[in-house]
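Protein chains: 2
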Amino acid sequence: MKLTSIGYLGPKGTFTKLAVDATFNGEHKEAFKTIPECIDAVDKGEIDIGVVPLENAIEGTVQLTVDYLIHQVRIPVVGEIVVPIQQHLLVRSDIVQKESDIEEVHSHSHAIAQCHQYLHQNLHNAKIAFTSSTGKAAEIVSNSDQPIAAIGNRAAASEYGLEIMKENIHDYPNNHTRFLVLSHQPEKVKIKSEAKGDKTTLLITLPSDQAGALHQILSAFAWRKLNLSKIESRPTKTGLGNYFFIIDVNQAYDDVLLPGVKAELEALGCQVTILGSYSVYDIL
Amino acid sequence: MKLTSIGYLGPKGTFTKLAVDATFNGEHKEAFKTIPECIDAVDKGEIDIGVVPLENAIEGTVQLTVDYLIHQVRIPVVGEIVVPIQQHLLVRSDIVQKESDIEEVHSHSHAIAQCHQYLHQNLHNAKIAFTSSTGKAAEIVSNSDQPIAAIGNRAAASEYGLEIMKENIHDYPNNHTRFLVLSHQPEKVKIKSEAKGDKTTLLITLPSDQAGALHQILSAFAWRKLNLSKIESRPTKTGLGNYFFIIDVNQAYDDVLLPGVKAELEALGCQVTILGSYSVYDIL
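Those protein sequence lines, which keep their order, are chains A and B.
So in this note's numbering, spot 32 of the first sequence is number 715, and the numbers just go up one at a time.
So in this note's numbering, spot 24 of the second sequence is number 707, and the numbers just go up one at a time.
Since the hints were derived computationally from the structure, they do not count as laboratory data.
Any given hint could be a false lead.
All copies of an identical chain are treated as equivalent in the list; a pair is satisfied when it fits inside any one copy or across any two copies.
Computed list of lysine to aspartate or glutamate pairs in DMTMM-like fashion (alpha-carbon distance at most 25 Å, straight line) [what the hints assert, rightly or not]:
#1 Lys913 - Glu947
#2 Lys913 - Asp931
#3 Lys716 - Asp854
#4 Lys810 - Glu729
#5 Lys908 - Glu947
#6 Lys695 - Glu787
#7 Lys871 - Glu713
#8 Lys908 - Glu710
#9 Lys685 - Glu846
#10 Lys871 - Asp777
All chains, full assembly: derive it from the sequences and hints.
Structure, rendered in structure tokens:
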């Protein structure tokens, strides 16, 4: 039997890899260099499933993923993975024994920024070196015989054989990142943890940029008592002043309520696209 | 007379630097390594003005800037700079004469992703190397005698003496980035271009996570015919299920309408904070 193949935004040791390892078992996993390359590979059938960041303060921005899914290819969202951001201080234990040994800290600029308070208070004299990813920083530390450290996650530590010298050095405890699971073959998506709920994501384009139009759109959800967990406006890129909205509803697409919303909005002249109806998985 | 000092998210040759150069004249300019460091320096009075990305597909994410402004320090937003994303292919003209000479392309992963189609069609055989910023990529190319290229903006080309071999290689023509101008001393902010309009940004926290609450909030804007140019929901980080909303209104804070919205929302139990009322500057 052919193994299911899962593509993700690489390199190894990033938060996307951590999300993939926590949710899928022994399938074939392949790292992609950019979000568009990963999405293209799913669309062309080169891989069965793709996992890309949607809201992620490290490897990617929601813009790139959302824009590519909306403007270039349409692949159903079949799941969402929510991962807490936990940054650790990673070292080679044969070289660094205590914090004060550390002369240089390597990481992605966003990870450095997320640990701003910790670095300021504990490693004030260490130099900062920026890398293209947290995984890359761990690789550099593992290959160096200098007293340096990386900031990265647990996956990076085990991938590159580094010791976690200090856990959870990030400034905000309740920070999460979201990843989308994309596939044309939802039957192949077998996630090992239990879903904590369902979500439907809609893309709504307004007929014109008028005051109160969004309010009118939300009425269609409000009077049905549908709870929205996220709403975001984004420019359509076809010109200035044209916006569309991405709305997450806290339930699966059903037979009555959501089709009712869709019909009502279309009658108002909106374009409505269902980007996906899917389960949400929390990684603790 | 002491020169006004402007801090920005560096290094040189990034899109933030381009925004700063296009809007400010000969003031003292200082690059900061991270968004929090730049914001802290404004707050402590070490610099007069700070410029940081708000929506930017390259150097930063809206999350980092918004989170830091909301949770750590409160500095008034005194202006917004809108810059089109224009990516160019940069080379040393003494080494590379034509596209087919190029063996390797260096840039930030987001810039590489933004030029996905171009690279696929024109530089399919070139290797890709990721750097921590587009400015860093330009620096690498300027210091190398190998046939390599960087993807970056016009500021990076002039900063590092590179030739623009091919202009506008990005996939989407209508992509823009937004930068915030932060200062405790708005009288020092002298922007050389003319403002194209005004904006007020509000931060609204809901009393509880209930269906239709957002709809109720938007009613306060809708019946006053106030046009919203952006709305985004963000977790408060004090726990799961708690959201606040960031809303941009297309006008300056006035004496009647916006104070009316604020009073009405507060009566409903919302917390309302005005993050700033400011002018918007377009860079062409």
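Verification of the supplied hints:
Taking identical chains as interchangeable, the C-alpha atoms of Lys913 and Glu947 lie at most 25 Å apart whether they share a chain (20 Å) or sit on different chains (23 Å). In this assembly of identical chains, the alpha carbons of Lys913 and Asp931 lie at most 25 Å apart whether taken from the same copy (5 Å) or from different copies (16 Å). For a Cα distance limit of 25 Å, the shortest separation of Lys716 from Asp854 across copies, 17 Å, qualifies, whereas the shortest one inside one copy, 28 Å, does not. Taking identical chains as interchangeable, the C-alpha atoms of Lys810 and Glu729 lie at most 25 Å apart only when they sit on different chains, with a minimum of 21 Å there against 42 Å within one chain.
In this homomeric assembly, Lys908 and Glu947 come within 25 Å of each other (Cα to Cα) both inside a single copy, at 15 Å, and across copies, at 22 Å. Within a single copy, Lys695 and Glu787 get their C-alpha atoms as close as 22 Å, and across copies as close as 22 Å, so both meet the 25 Å cut-off. In this assembly of identical chains, Lys871 and Glu713 lie within 25 Å of each other by CA distance solely inside one copy; the values are 16 Å within and 52 Å between copies. In this homomeric assembly, Lys908 and Glu710 never come within 25 Å of each other (Cα to Cα): the closest approach is 40 Å inside a single copy and 54 Å across copies.
Neither within a single protomer nor between protomers do Lys685 and Glu846 lie at most 25 Å apart by alpha-carbon distance, with minima of 36 Å and 49 Å respectively. Taking the closest pair of Cα atoms, Lys871 and Asp777 never come within 25 Å of each other, the shortest separation being 43 Å inside a single copy and 52 Å across copies.
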